[in-house]
Amino acid sequence: MAYDVRTRQHYRDELGAIEAAGLFKQERFIHGAQGVEIEVEFPAGQPARPVINLCANNYLGLLSHPDVVAAAHAGLDARGYGMSSVRFICGTQDLHRELEGRLSGFLGTEATLLFPSCMDANAGVFEALFGDADVLIADRLVHASIVDGMRLSKAQLDTFKHSDMAHLEEKLAEHMDKRFRVIVTDGVFSMDGDLAKLDEIVALGDKYDALVFVDDSHATGFIGAGGRGTHEAKGVLGRIDLITTTLGKALGGASGGCVSGRAELIEMCRQRARPYLFSNSVPPVIAAAALRVLDLIEQSTERRDRLEENARYWRRLLGEAGFDVRPGDSPIVPVMLYNARLAQDMARDLFARGIYVVGFFFPVVPKGQARIRTQLSAAHEKRHLDRAIEAFVEVGDEHGVLGLGKQQIVERFGA
Amino acid sequence: MDELQKMILDYVRREYLEEEDDREIGLDTPLITGGIVDSFSMVSLKRFLERKCEIQIPDAQATPAAFDSVRSIAGLVERIRGPVAV
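So the protein sequences, as listed, match chains A and B.
For the first sequence, this note's numbering assigns the number 486 to the last residue and increments by one with no breaks.
For the second sequence, this note's numbering assigns the number 98 to the last residue and increments by one with no breaks.
Chain A on its own, in the form it takes in the complex:
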């Protein structure tokens, strides 16, 4: 069909509806390398302005670390730019094998398989491993890529209330007739920053003979004393059957992801997972840099320790200023505003004061749970956070939210 007037109008109307609903996403253009202090052009066409970045997943601040950049250069020189192949035809270098082995060692698992992204790993793993005799029981706040991946599988799907172990147990008991039960959760929840109760989840898995799947993208590299992830923090290293995670956040921040876990499950993904089978290998340059990232993380916990300290400091500043901060132990610190318009307006006003944050609202978070999500980095210095809190206090004061709890904010602004 030709791209005629009717077709064009259809998509223009759809885009108009997205805009009218206040859900239209606009990109902001960063002039220069990603980091804590960046120059951002927004709206498009305006001069770039300096801002402090509080919304990147640059948890360890490694994306422009000189050693990582040097390793990427060396990898590029030695191994070239691309592979022009999927892994199983002629797209696997010894570097990929080495990185998979190193990731298994770091995560404390039996085997690992790289994917072009963690989104791809989540899209591939459920369909490759589980069928209509099985059930996947997911926390209701798991990442969208997991929801999509589960929908691609023929397994039955069920959900439990967020981090509600009694509800999970009910669901496990209800599905005892299935061949395999799989508990599916994020390690650190991306919008709330809370940690899954993996110790209790693993215990329930034992009790009800269920496998455990964890997406640890917002944890790998910095959660747990050695930065190995949520399973380390919760004392269940070696007990998680499947972990998916990313190289696109703390581990260098470029791209790439993996699934890691029981050897047979990983081998089955190598045989069956479609995003692995039908998309190009992780570029050698990324594998080379990721190996260096793992060196740095394994040599010292200094960066994850600084990140933890930054997150504690930032939480304290926000709390003392009178913001409603969702409690947690991760560098994801949500400032709760409950009202979508308020979250958007405050994010806009913070940007005008040189602080780059984003407001999130339904459908990204549950209705009535709008917030500004702030994310800390080991690269933040106290002066960045002190400068940021000044702006937050000014903007919070202007909007009249300081010192207000949920009920008062909802009464004043609506949910």
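Don't read these hints as lab results, they were simulated from the structure.
Since this is a predicted model, take the numbers as computed values, not measurements.
There could be a bad hint or two in this list.
[Stated by the list, open to error] Below are the SDA-like pairs computed for lysine to any residue, each with C-alpha atoms no more than 25 Å apart in a straight line:
#1 K58/B to E241/A
#2 K58/B to E245/A
#3 K58/B to D248/A
#4 K18/B to K58/B
#5 K18/B to G94/B
#6 K278/A to Q342/A
#7 K64/B to H214/A
#8 K58/B to H214/A
Assemble chain B onto chain A, guided by the hints.
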């Protein structure tokens, strides 16, 4: 409110509201467009109805629109199984 509607309402409250969630849910409260039930979590409601009412709800009829209120869900169940006592 008939028995079927009450049974569905009780299940929705138990299954989908968090402990601290004080939202009131009535027969016509929008469940999916109102953000109480997401389309992914809807599967447990469908399975509950099928088991409790001994029916099969065809996927084509288990639409977000049909599941958007307790009243419309009860209507769907009654159309499939006929209006008998629960």
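Numbers of the earlier hints that this structure fails to satisfy, in rising order: 6, 7
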